[in-house]
Amino acid sequence: MVSNLVIPGDSILKDTKTTKTTIGPGIYKNPQTQEIIPASAGILNVKTNKQNTNTVIFTDSNSKRYIPQTNDFVIGIIVGVFGESYKVQLQYFSTSVQLSMMAFPNASKKNRPNLKTGQAVYARVSQAIPEIDTELECIDPITGKEGGFGLLDESGYIFNINLNFARELLFNQSSIFLEKLSTKCKFEIAIGINGKVWLKCGDGIKQTNEAEDDENEKTSDSARDLKATLAACRFLTRCQHINPSQVDIELKEAFKHF
Amino acid sequence: MTNEFHQISFPPSVLDRLAPDISLQRHLNLGLRPCLRNFNEFKPLDVSTGNLQELEGNSTVGSSIVKNGNTTVICGITLGVIETPKSSIFESTDSEASYTSVYPVVEISRGRSGAPTDEEMILSQKLYETILHSKIITTKSLEANPGMAIANDDGNLEIIYPGSEETSEIFNNIKCYSFVLYAHLKVFSRSGPLFDVCHTSLINALKNTKLPKVYVQDSFNNIKVPIRSRGNFGHLSKSNDVLIDGNESLMYDLPLNHDQIGFASSFGIIELESNSTNNMDVDSKSVILADLEGDSEESECLSKANIIINKDNSHMKHVSIIGGGANVNIETIKKCIQIAKLRSMNV
Amino acid sequence: MTFDVKTSVLSRVDGSAELFTGTTKVITSVTGPIEPKIRQELPNLASLEIIVRPSVGVSTTREKALEDKLRSILQSIIIRYKYPRQLIQIVVQFLITENNINDNGSNQHNKDFTLTELNAAINCCYFALIDANIALYNSFSSTSISIPSDAKKEEYHINPNMDKLIDSESHHVICFSLKDGNAANLLLLESHGKFTEDQLLLVISKAGSECETIHNTYQRKYIANKVENDFIWKS
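Residue numbers (the numbering used here), protein chains in the order written: chain A, 1 to 258; chain B, 1 to 347; chain C, 1 to 235.
Keep in mind that the hints were calculated from the coordinates and are not lab data. Be aware that a few hints might be false.
Simulated restraints, written as ranges between beta carbons of each label pair [as the list claims (entries may be wrong)]:
| hint | chain 1 | residue 1 | chain 2 | residue 2 | range |
| --- | --- | --- | --- | --- | --- |
| 1 | C | Leu202 | A | Gln173 | 57 to 67 Å |
| 2 | C | Val9 | A | Glu188 | 28 to 38 Å |
| 3 | B | Ala115 | A | Lys252 | 56 to 66 Å |
| 4 | B | His6 | C | Leu202 | 56 to 66 Å |
| 5 | A | Lys29 | C | Leu95 | 20 to 30 Å |
| 6 | B | Gln53 | C | Asn182 | 57 to 67 Å |
| 7 | C | Gly57 | A | Thr19 | 50 to 60 Å |
| 8 | B | Asn51 | A | Asn30 | 52 to 62 Å |
Beta carbons: idealized from backbone N, C-alpha and C, even for Gly.
In isolation and in its complexed conformation, chain A is listed as follows (with noise of 0.2 Å):
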């Protein structure tokens, strides 16, 4: 069973007065009352520092729609261009967010980004207010560098996994799943807190040309990238339901024409 679950309608923490108290995600202060309630059902955590001056309180629980919050990296995909910012989709059916044509490295009026509807992006998201339009940056904000940021190629694959494990996988410096994964292929990886993972193994999925394909060693190689990068989607993908322990059978599993 799960320890400390809270559903909505639990109380949680008697004093705020003397601590310092942060809430984050699951945790809803009622502006009225100034009560502090639990607005949806997952694991409570409570973190006093030593001193007992400070708590942060957050629930951690599994969605499916991510709500953009300031300075989570995400993959987007552009939809569209309005002005000198391009529309960006995060997910299907959400409120589309705004990136600006001056929020690339070194662009200026004349040193525009060159981006087409339909390609997808890695980004921060820099400003996050539900009341107004949200915005992303592909600028690493301390360096003003790319840092990472900017235009994911062609040669991998998207594909979608619950919100909770994308920031598993992005945030837990030891989870084992990148790592085991990385016992099978060589891969490139970009995990957006909402909910998508771009992933290329080798050198990722090529277009081949119908007419030199064949035989050819090339061809072979890109297939071979190819059905890796599915496999490992495959993967990371079945990861969510099952146990750590069965991780090496999965894994398996899903390399076995390997």
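Please build the complex by placing chains B and C on the supplied structure of chain A, with the hints as guidance.
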């Protein structure tokens, strides 16, 4: 230099639209409602019946006009006749299956036409369900035993009805018919929730309803047999069109279960934020407002209650309470029932 | 009483649940917060779109009335201020209902009770909303009660089936919000038939404890199950 800070003030009607919550709370704190009624004071109700002869080309069998404050509801009952399976449904005992309802169509006039709004559909459905579950109209009472028009020796039609003479065997092969009641409710100048006033209007129209006699035309004398199908008389049937007898002396009151009829009252419940200066003392108490009126009351009172209580106050026919806004506790419910009882006695 | 719940049954929506109560089976999906149509958008809170579909045929006013009742509960239980300018779409599809059982084709409408459906829909919505991780002020659950004629206090039927409903003198659907496992606020009460004030008050108090039972035995259990499944990969 001083930055002058102008305090903006609005006339009540403007504030009411800009900040309905503040406007309403301020009114209530003064012990008044925006419509200037007392908390438990209902809008004046005025009922008249039987004024309507025709509605959209159909002649009505019952009607009522209800005025509730500025809101007017006109209700007309029209009839339909349907064929029913012979004597199968009329035998059941006193259970839900032997009761029926009317089919109401509520129309709230807003100065434009178009598809019915959600509110109109929901109101219609609620009225239908309430009448059905209230067990006011029995299926039997809508049974229409048709008479028969027979040509006399001198060529005139004469209508005879079952049970009158020794003619019963004539009626054996006539099919069974029953009435269907349709109610058309038109609402003018809506100013608040409408369920109670529509219910009152519908009930009064039903009380006023007179059912006519129906008869079938003995159509043997004008049977036309197509030449081609001569010799094949298998399909020849009397075309029994059901006709309504216009003779007003033969009309009879729609039988209703009068002791099951109730009177509807509606309430809104809201937490009163007392503006006491000792701020930590969140001293909110809920207030019952009878007959919500106006936008600010309707949009801010998320808790609503409808209570239908019968004339002698011995029991209730329908209660629907929506909580959520204010805390609706047992005491509040009791109080609502108390007010509803008082009102139903006085009406 | 049967109370069978499966969550996350649909893969392409954000949250879903299927509930079987012995007589009624219903599946509910929740999608949101998503981008609303312009006419639905509210500047400071989330708008709700609730769609009810019957087990047979197309939606009628009957389903519209159910939608209205569901909305009255959900709009006050969802923390709509958390999702300004967004839309939450809730679709309730009935799979099995008793109303379709149509003996000898006569007078279908006399069996027109919506309470078993309303009751199942409310309870199912709860699990679907939890599954979609939509912020809620409180938990909620609902129950239905029918009173047969001349019934004594202990003869009230909780979650009556169609036969009991037809013989009943009055029937009620009650939904409570739950705080710390206790019934807190009355969210909805729908009573039809003929009943006294004492009967009504008794029904409310019975329903309160029944709602607590649903919450403490079923809702907690299924949610614990669900959360466990969601984090199964956690070592």
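Each hint, compared with the structure:
no.: 1; hint: C:Leu202 with A:Gln173: 57 to 67 Å; in the structure: holds, 59 Å
no.: 2; hint: C:Val9 with A:Glu188: 28 to 38 Å; in the structure: holds, 35 Å
no.: 3; hint: B:Ala115 with A:Lys252: 56 to 66 Å; in the structure: holds, 60 Å
no.: 4; hint: B:His6 with C:Leu202: 56 to 66 Å; in the structure: holds, 58 Å
no.: 5; hint: A:Lys29 with C:Leu95: 20 to 30 Å; in the structure: violated, 39 Å
no.: 6; hint: B:Gln53 with C:Asn182: 57 to 67 Å; in the structure: holds, 58 Å
no.: 7; hint: C:Gly57 with A:Thr19: 50 to 60 Å; in the structure: holds, 58 Å
no.: 8; hint: B:Asn51 with A:Asn30: 52 to 62 Å; in the structure: holds, 53 Å
The structure fails to meet hint 5 from the earlier list, while all remaining hints are met.
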